Structures are given as structure tokens and as C-alpha cells.
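Asker: Residues per chain, in single letters:
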Amino acid sequence: AQSVTQPDIHITVSEGASLELRCNYSYGATPYLFWYVQSPGQGLQLLLKYFSGDTLVQGIKGFEAEFKRSQSSFNLRKPSVHWSDAAEYFCAVGDQAGTALIFGKGTTLSVSS
Amino acid sequence: GAGVSQSPSNKVTEKGKDVELRCDPISGHTALYWYRQSLGQGLEFLIYFQGNSAPDKSGLPSDRFSAERTGGSVSTLTIQRTQQEDSAVYLCASSLLSGRAKNIQYFGAGTRLSVL
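Keeping their order, the protein sequence lines are chains A and B.
Counted the way our numbering counts, the first sequence spans residues 72 to 184.
Counted the way our numbering counts, the second sequence spans residues 312 to 427.
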């Protein structure tokens, strides 16, 4: 079955510390991978995407993610977290045909001062 | 418009009533998607429209749910005889199906539906 797993429901990180949010997927076709962020009361904003090529992708707000096919993972990283990064983060998988995305259940990030 | 627009932003209704939720996609986007975000359930796909093809309705939870897309642009999601379990945030997204931005879904802010 096709699925996305985000093992961490909630993570708290100190401001200025590094961050890694985990994402594992199970997908039959060549995956298109996405990370979205959702602030309270807002829609989803695309942080970054991986379609093909270089497995380390850069996104907005200083985020990056690395695609590891052997581990079926697409973990999100940021070297230094800011208080404004507190939000909910969703990993999603799709395909080149443009079908609907399959989302993980999300990871809520809290940032402590 | 500049982004995906959804209306209303909030809707409170009584159990058993019908509701209509509207989505205005980004101009020129040929694909349109509806998702539901429930507490503890994450985002669930409901239906998507791809160009002039028949919509993929495989995610609709019951026959009380339907959607249409008129003129290849605006879409309306209708929920008939609402139930309390329909309470959720309904998100709409749109995307291009060709070009460099192909398959990138852009989301609206959602409609928060509360069924009393």
C-alpha cells in the first residue's frame, strides 16, 4: 500500500539548534516528494520538492531535504531553527501523472527560547 | 488571482443541512484537488479534476459528497445532509500539468466546517 510515515508527532527544538524531521514513504511508482508547512489557520505552503536529479534539494526559509532511495526516506533539515519556524510540517508523495498527493500525518514543531 | 481562493473561510451548519464550499484555483491551472483535514487524520484526498478528463472521485467518503468544476475553473464541493463527523478543514489545491511547475500543488487557506 502506498503511504507516508512521519514517525515524530511532536518535536521541540531550542532556537538556534539544528532540526531534522523524518519522512519515510512506500510508493509503487517513481516518487515525487514534497515537504509542506502549515501555520495555524493557514493553508499549506510548499517548502521544497524532489522530482529527480540531485538528491539534496534546497527549499525556502533555509530548509533542505535529502532523498535516499535505499532507505525510502526524504528527511527535512535546517541548520539553525528560528522561533518563526514553529508550525506543522507535512511530507507528501505524488507521481508524474499529477495524481493526488498522499500525505503523512504531520509533525508539529515547537521552538523553545 | 494570485493564489488559490476558498470561500467561505468558516462555515457553521446544523446536522442534516447541505453545504457548498467554493474553490477558485490559480488562473491557468488545469488540475484541481480537494482534500479534507481532520483532527488526528491528517490530510485525506477527496476528489481531483484533471483537465477535461473525468474526475477521480475515489476519495469521496460517501455519496453525500459531490463536486463539480465549471468551465475548467471554479469548483464547488457539496456535502448533503451533513453529519458531525464531516466537521473538518476542507482544502483545495491546484496545479499545472505541464511545464516546469508541473505537479506542484498550491493550496488555499481552507474552509473550516463545523457541524453542530
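In case anyone wonders, no lab produced these hints; they're calculated from the structure.
Mixed in with the good hints there might be a few duds.
Residues from chain B shown here face chain A by an in silico Cβ test under 8 Å; the list is partial [what the hints assert, rightly or not]:
{"no.": "1", "residue": "Gly327"}
{"no.": "2", "residue": "Phe376"}
{"no.": "3", "residue": "Leu402"}
{"no.": "4", "residue": "Leu408"}
{"no.": "5", "residue": "Phe418"}
{"no.": "6", "residue": "Gly419"}
{"no.": "7", "residue": "Ala420"}
All values derive from a computational prediction rather than experimental measurement.
C-beta atoms are modelled at their ideal positions from N, C-alpha and C, and glycine is treated no differently.
Asker: Tell me, in ascending order, the numbers of any earlier hints that this structure violates.
Answerer: 1, 2
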